[in-house]
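Novice: For the sequence shown, my numbering assigns the number 1027 to the initial residue and increments by one for each residue that follows.
Please note that a few of the clues may not be correct.
Capping the alpha-carbon separation at 27 Å, the derived lysine-lysine pairs in DSSO-like fashion look like this [as the list claims (entries may be wrong)]: (1) K1244 <-> K1298; (2) K1296 <-> K1244; (3) K1038 <-> K1298.
Just so you know, these hints were derived from the structure itself, not from any lab.
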Amino acid sequence: MQPDLELVHIRKGESFAAWMHGYPFRTVRWHYHPEYEIHLVVATSGRYYIGDFAGRFSPGQLIMTGPNLPQNWISDIAEGDSVPVRTIVVQFPESFIEGASGAIAEMQALRPLLERSRRGLLFDDATSAAVTPLMRRLVDAQGLRRIALFWEVLDHLQAGEHEVLASLSFEPNLSQTKDSGINRALAHLREHLTQSVEEGDLAEIVGQSPSVFSRAFKRHTGTTLVRYRNQLRIDLACQMLLTEPNASIASICFEVGFSNLSNFNRHFLKLKGLSPSQFRANFAANEAFATAS
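Full structure from sequences and hints, please.
Specialist: As structure tokens, then:
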């Protein structure tokens, strides 16, 4: 089965993405992306797949993957259940690392780690314990503190014990995937998520009629374009609610692409099970508890 392309959203003015998500979630599928990823499981157990490796995961599992390495984590939960936060994720592009390496000589120490991560790295419990509080703080950090935490995480990873997951012979064949019409459409949709992109626009991009594209899109994603786009926008709103505590809910509503606040609130409640203000308050309380303990 060919993996799906995930388009990583790195906000303007930032060098990397640091966020968390629950389960089920839109990125939980057999997928790949051009960015490096640090993936920390904080809840649930289940099976995971990295390249041609398959294994079991549980809370505390810490993995780093390199560019374009197919991956997936599937939690063992009852049908219909959901988990608000399962994973903390940090994703960063090669261009960021290459630029930093050219300017900072000490960055060369990370070269072996980055190269090995192209096959996936599973870190030991001690490294996970050291990195976990840093990644929790990184999600909400801003400015220079954010960069400092990022480098501190990488420093622990390059010094930590780890095992390589995918075999030496594993070579992902992404030639068909990169040219997939649906993946081109998904990439365009995510790049223009806050703008008005209609089904006809995407059908034209991939050279299909609207009806053929609509059937292919639903077969690929399991839902309609409108619902998929709304879910992406709500996911983006969740990130902003957590990382921009001073931004009003109304301003976030319009920034992610909704045209009115009541519609935004309705979709948020439907997808997340609580209002935007409750979502922000719950995670603020959780962060305060984690900091106190």
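Novice: Now tell me, hint by hint, if it's right for this structure.
Specialist: Hint check results:
With a CA separation close to 22 Å, the supplied pair K1244 and K1298 stays within the 27 Å bound. Taken as a hint, the K1296 and K1244 pair is honoured in the structure, with Cα atoms around 20 Å apart against an allowance of 27 Å. A hinted pair counts as satisfied when its Cα atoms are at most 27 Å apart, and K1038 with K1298 qualifies at roughly 25 Å.
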